Amino acid sequence: MTRVTPRRVALVVALLALVTLPVWVGNSYYVNIASQILLFAVFALALNVLVGYGGLVSLGHAGLFAIAGYAAALMLEAGYNHLVADLAGIAAAVVAAAVFAVLALRATGIGLLMITLALGQIVWGIAYRWAGLTHGDNGVNVATRPQPFGISLAGATSFYFATLVVFLAAVVAMALFVRSPFGASLRGTRDQPQRMNALGYNVWLIRFVAFLFSGFWTAAAGLLFIYYNGFISPQVASLQASAEALLMVISGGTATLLGPIAGAAIVVIMKNVVSAYVERWNMVLGIIFVLIITFMPEGLVPGSVRLAKLGWHALRKQAGRANVEEPAR
Amino acid sequence: MSQYLTLAVNSIAYGGLLFLLSAGFSLIFGLMRIPNLMHGSFFMLGAYFGVSLLARGVNFWVAALASAAAMAVIGAVIERLLLRRLAGQELAQVLATLGLSFVVADLCLMVWTGDPWQPATPPHLQGAVQVAGLFFPFFRLVIVGVAVVIAIALWVMVDWTRLGAMIRAGVDDAPIARVVGIKVSQLFTLIFALGAGLAAFGGVVGAPYLSVYPGLDGEMLPLALIVVILGGTGSLLGALIGSFVIGFLYNFGQALFPDLAYVILFLPMVVVLVLRPQGLFGRVVP
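From first to last, the protein sequence lines are chains A and B.
Position one of the first sequence corresponds to residue -8 (the working numbering), numbered consecutively onward.
Position one of the second sequence corresponds to residue 39 (the working numbering), numbered consecutively onward.
Some clues are possibly wrong.
Only part of the chain B face toward chain A is listed, based on derived beta-carbon distances under 8 Å [to be verified]: (1) 123; (2) 130; (3) 141; (4) 143; (5) 307; (6) 309; (7) 318.
Hints were generated in silico from the structure; no laboratory data involved.
All of these numbers come straight from a predicted model, not from anything done at the bench.
Built from N, CA and C at the ideal position, the CB exists for glycine as well.
Construct the entire structure; sequences and hints are all you get.
What follows is the structure, encoded as structure tokens:
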């Protein structure tokens, strides 16, 4: 069973690189960026369940992300312990995902996108305007990080490992999900909803469950986010945050495991690098969006593969032609 | 009592502005199937153009029309150069317009800074009108008047002219409209330009009332969305009624439940989605 394939080797190398990252990166600033990449990768993977495998493009996922974060942060502020607060955050986000799903699944395609956008704006509106609950623009502070099994996560490195654990759990969950019959049926509802219906599958229910699954992992990312930043504000729920998450999924390549992870890395690194030199991150984000959609609509990972293949074929063709022409001369 | 009447007048004025914003959005979505996520940006950019002209002493209506014309040209260029390339790929079009809206927002921040601009109400439109012992700000009534005139003009255009007949044909069945010789692709550009121009016009007319500030685009876009979801896509009557419903909810919500005003705004959308997904005046698209 344990044959050595290039895929397995790559997997082991990647895993080793991730586990030893704090050692070879050294500087805690870069370790923190790695934590950011991993936590946004969890978010992007969660969104990819809907966008990639379900064909349901949600533009309100930052709302779910923020609901988990706000619920946990407010519970902590009220004096509950980390476990209760985190469970409450996840529960709140999953319930919200169910509400989103019931409303948004009245439509598909563009209609769904518009409804999720509007729902995301509601969450933003509550976070921003309902100052009595959420402290409005001032946001909510998260004073401490949890200490699972007595291990302090206050340092950059220990927090990185905690994030890595959640990230790996998410990747395993996604891999299992993609291979499971449920993953196959979700892809079926994306490609051929009517045939799936005729085959006796409950298309609505499959999509609904996919929403909950996506909501759960979005919540996990939201919790990591508040512990990473120690703070949450309405900005987290904005349309721009939803668009950024979607950009991660699309730029990396939808309906792949690696795509959203690569996309999260690209966006987080770009954001940190670009905002160090210029103030205009929004403009850069917008321009990347337009460029990717116009020239590489299938995402950077499959897109680069396609371009490389094209280039390779062109080269071989030329070489082939040269070979053919040779004897004629 | 008089407080509620004032609120009602404000609501109608706000509804009028929303109609200017969402009529174009509804037509663009109805005809081209593009939920144009730049529509809030058209509104804001148009308002900034107008405010800059006003600051140079240009007449209010001239500034509004000039800004609308400029925005119409920009809209047409975007449609021709970008959206046309993505024809048939709805999702790509949505995301491209979303990306452009970020670019526009950032450009506006660069050019007009983060401070809000609130032009003075033009002198000949200042003052209040006394009706039945109550005073109403004249400018708000002017906004309502302008919106009604434009609504009637649009209705006449869509329902009574040859151009309107072609638009309706394009909305109903674009391939067949093409077959009978209607240049649907030119109509697309025209409608997109018209929608952009209307939004810009609304932005300038609304500027003395709403003021212009960064984030105005993100605030107006969801409003246009709910108006259209509420009224039904491609329906001008739906956009008109939806605008006034949202105008009332917004103003009364702000006054009575300031914390939840933004949420109340979305409630009718939720109800309509559950009970009548195609919108109040929308038709079921097979």
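Now the hints, each set against the structure:
For residue 123 of chain B, the shortest C-beta to C-beta distance to chain A is roughly 6 Å, which falls under 8 Å, so the interface hint holds. The closest approach between the C-beta of residue 130 of chain B and any C-beta of chain A is roughly 5 Å, which is under the 8 Å cut-off, so the hint is satisfied. The beta carbon of residue 141 of chain B is positioned within 8 Å of a beta carbon in chain A (closest approach about 4 Å), and the interface hint is therefore held. Among the interface hints, the one on residue 143 of chain B holds; its C-beta lies about 6 Å from the nearest C-beta in chain A, closer than the 8 Å criterion.
Because the beta carbon of residue 307 of chain B sits about 6 Å from the nearest beta carbon in chain A, less than 8 Å, this interface hint is met. Contact between residue 309 of chain B and chain A, as hinted, is not supported at the beta carbon level, the nearest pair being about 10 Å apart and thus beyond 8 Å. The restraint placing residue 318 of chain B at the interface with chain A is violated, with a minimum CB-CB distance near 15 Å, outside the 8 Å limit.
Against the hints set out earlier in the document, violations occur for numbers 6, 7.
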